Amino acid sequence: DSGVTQTPKHLITATGQRVTLRCSPRSGDLSVYWYQQSLDQGLQFLIHYYNGEERAKGNILERFSAQQFPDLHSELNLSSLELGDSALYFCASSRKTGFDYNEQFFGPGTRLTVL
Amino acid sequence: DQQVKQNSPSLSVQEGRISILNCDYTNSMFDYFLWYKKYPAEGPTFLISISSIKDKNEDGRFTVFLNKSAKHLSLHIVPSQPGDSAVYFCAAKGSQGNLIFGKGTKLSVKP
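Chains A and B are the protein sequences, given in the same order.
Its first residue numbered 1, the first sequence is counted upward by one per residue in the numbering used here.
Its first residue numbered 1, the second sequence is counted upward by one per residue in the numbering used here.
Bound conformation, chain A alone (with noise of 0.2 angstroms):
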């Protein structure tokens, strides 16, 4: 177990809903990371967020967006489903940014199906 959590584990909805998926990261650790698993690309950085404030973008769609709370928890929220969007989205925590820290701890994921 990382001490990372991330709710739902499961997700299925349809084209063109909007939704939310949630990460709480080890305690103590400010940084939180997505990324997004599918078939055929792999794992792909999405967005990080140190304390609360956005740091980098990678591969992030407009339709995506994300922040972080004062507890530290973050949310990625996804709009205007399409059926590529159907994937395995990680978040990853670490102690501080990655520029002084280099390991990060992954959750379980959820798995977004979208029909």
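Worth double-checking, as some hints may not be accurate.
[Said to hold, decoys possible] Derived DSS-like pairs (lysine-lysine); straight-line CA-CA distance at most 25 angstroms:
1. Lys-71(B) to Lys-56(B)
2. Lys-96(A) to Lys-57(A)
3. Lys-103(B) to Lys-68(B)
4. Lys-5(B) to Lys-103(B)
5. Lys-71(B) to Lys-110(B)
6. Lys-57(A) to Lys-103(B)
7. Lys-54(B) to Lys-5(B)
8. Lys-5(B) to Lys-57(A)
9. Lys-110(B) to Lys-68(B)
10. Lys-71(B) to Lys-54(B)
11. Lys-106(B) to Lys-9(A)
12. Lys-103(B) to Lys-56(B)
13. Lys-9(A) to Lys-68(B)
14. Lys-106(B) to Lys-96(A)
15. Lys-54(B) to Lys-68(B)
No lab work stands behind these hints, which were simulated from the structure alone.
It should be emphasised that the depicted structure is a prediction, and the values quoted were computed from it without experimental measurement.
Given the coordinates of chain A, work out where chain B should sit on it, guided by the hints.
Frame of chain A; chain B shown alone:
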């Protein structure tokens, strides 16, 4: 354009023998590399890492070798055990602090 490549999608090894998983990268600016192991229905689990100032790092049965001139790293598992059967991901630390992953190699260790 993939910056981290794992060219073998799968590898099968006999229990007790050595497993060697390979990884190539294209960006010579990468200075930190990690290996993660992933079981089905779980998130990736950190296994071992190596800084670019080293060429070898060892942790129990796991050893990672880095060849900077060839832009190649490998993970050795000795001896391999059935519980090692999983998907192994190689990752490099990107300029934004994120991890850049290869597509993984599925290791099967046969009893």
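(request) Hint by hint, work out which the structure violates, then give me just those numbers in ascending order. (result) Numbers 5, 9, 13 and 14, in rising order.
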